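Chains as they are written, first to last, in my numbering: chain A, 460 to 785; chain B, 460 to 785.
It should be emphasised that the hints constitute simulated quantities derived from the structure, not laboratory data.
Quick caveat: nothing in here was measured; it's all calculated off a predicted structure.
Don't take each hint at face value.
To give an idea of the chain A side of the interface with chain B (calculated C-beta under 7 Å), a few residues [to be verified]:
#: 1; residue: Gly470
#: 2; residue: Val633
#: 3; residue: Asp693
#: 4; residue: Ser712
#: 5; residue: His747
#: 6; residue: Phe749
#: 7; residue: Asp752
#: 8; residue: Pro754
Backbone N, C-alpha and C define an ideal beta-carbon position, used for all residues, glycine too.
There are 2 protein chains.
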Amino acid sequence: MSARGGIDLGGTKVQAVVIDAQHQVLGQARVPTPTEGGPQDVADALAGAMHEAADTARVELGSLTGIGVGSPGGVDAGAGTVRGAGNLPGWEGTFALGPALQDALGVPAHLGNDVQVATDAEAALGAGRPFHSLLGVFWGTGVGGGIVLDDRPWIGRGAGGELGHVVVKEDGRVCPCGRKGCVEAYAGRGAMEARARKLVEEGHHTDLFKVMEERGRTRLTSGIWERALEHGDDMATELIDRAVAAIGTGVASAINLLDVEAVIIGGGLGIRLGQPYADRILEQMRPHLFRDDRPPAVRVAQLGDLGGAIGASLLVPGAAPTPAAA
Amino acid sequence: MSARGGIDLGGTKVQAVVIDAQHQVLGQARVPTPTEGGPQDVADALAGAMHEAADTARVELGSLTGIGVGSPGGVDAGAGTVRGAGNLPGWEGTFALGPALQDALGVPAHLGNDVQVATDAEAALGAGRPFHSLLGVFWGTGVGGGIVLDDRPWIGRGAGGELGHVVVKEDGRVCPCGRKGCVEAYAGRGAMEARARKLVEEGHHTDLFKVMEERGRTRLTSGIWERALEHGDDMATELIDRAVAAIGTGVASAINLLDVEAVIIGGGLGIRLGQPYADRILEQMRPHLFRDDRPPAVRVAQLGDLGGAIGASLLVPGAAPTPAAA
């Protein structure tokens, strides 16, 4: 049996999976991302999660054909390094994550960009299977993007796919990235929460933070936003409407450039809010589409929380399935 | 000797060239695009221009290995048809331009999108030669765009590259395309002229139309804009500054998505205003670039007015040069 590993390295959690040649998940494990220490501590956490996933899969780690890792920051796949992963502890510089994992686990490790591998997973095994070219949009704390053209990922010089930083309004709202008017400035869950807190300070009413406290959370999770929308909370409705409009405008600009067949909406909010909101994104795209007579398909990601780790496992040579027939 | 033909079918002129295997222009001809009649009349004009170009090149038409045509509208290269070329007389429907030219000239005809072939020409033979991936920006009456990735054109489902209709400002100025806030709404020479006329109606002063009349023109050509800028005309300066900002924002969004190596600025205004304005476009891009530490090269197109026709000639099988080494 030919199994492989995949790890999604996120800012809050590390998700590891073991997957067979038919892309079935044999085992998985999730551990918190270290918040202190440095890159070696993060590498240790990844190795631990991979060990645990192999145990639950009842697979010998050494028998894996390889493991793939989807990482934030600047990934140099050839060198096996990650540079400037700002959300991870002490990771301002460059760290040889691939070699570190190879040493710890005894199997070859392959690195890729986290959002791109999640896009690749949807393209190969999820909602993107019917298409040869697509844009992945990951609507969560930030807004990530990935591009697949002719069944291959396109990342340019390594930093492509930044749909969240497509500008929708010159001199617009300040984005968490420090720039102005980006999609993420309006649509990122982080930016929306900051905006909601500011509106509350200014005296506006919302139940968002009441729901948050009831649930014992300190952040506005996707579930909290969903609940507030269901209850007709005005502020939540307005902020989500604005987010949908910004994503629609940014995606339409991307479609006018790339004219891909499909847009796959993933991420915490994207998956939680589901197809009705994917449809609303399409409606917001329409007024900006240069070819509005045949818009791309806009669909919700299918692989859920494991998409990133499954996509990472596709980095292992020989793992990726053959593209759908034209 | 192995020569080929290329035709750039524009809204105001038809440019034909005959080119040898070393991509040297052997002869050329330019005729006005018919303003009346229908697609067959346009095809006749193309055939006439090609005949004339062959005569000036002292090459037998029948000896050409083929001709390429860069056309506006919806090009179906496989079928040899052009659909909905709105700037051309009576061309709302679909016309089999390829077969019509083949009949008239007796050599195989190959169709491509006008802006894309101009981009391909710059990539293969012009300012884009050092690069494997680039964005072509054609700043003229409208704002066109073309994309080259890994030395190959990317047009998506046939309508990609529309940089002019990337949105820079939600609910922004109305674009000649009817949508709002597109790059072209601020930067297209057509949109800028309409804006200038409106500002004059509102009582603002400019020498733009005086220069136009002195030169016996009825439109604000690129040369007229250049002259007004040189003389410090306030309105011209403001409108061009706004155009440069819009192009900068739109191109930055495209770079955040595609992360290509270079941006090639062509088109009537782009070529006329030259590298100083390409540099200014880069400065306007910077605040929006997600990776602002290594912006793409921004260079002026090198092939000038003949770029479109030269690019069209590259559609002839076997004509395209081998890409530069990696």
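Cross-check of the supplied hints:
{"no.": "1", "hint": "Gly470", "in the structure": "18 Å, violated"}
{"no.": "2", "hint": "Val633", "in the structure": "12 Å, violated"}
{"no.": "3", "hint": "Asp693", "in the structure": "21 Å, violated"}
{"no.": "4", "hint": "Ser712", "in the structure": "4 Å, holds"}
{"no.": "5", "hint": "His747", "in the structure": "5 Å, holds"}
{"no.": "6", "hint": "Phe749", "in the structure": "4 Å, holds"}
{"no.": "7", "hint": "Asp752", "in the structure": "10 Å, violated"}
{"no.": "8", "hint": "Pro754", "in the structure": "11 Å, violated"}
Against the hints set out earlier in the document, violations occur for numbers 1, 2, 3, 7 and 8.
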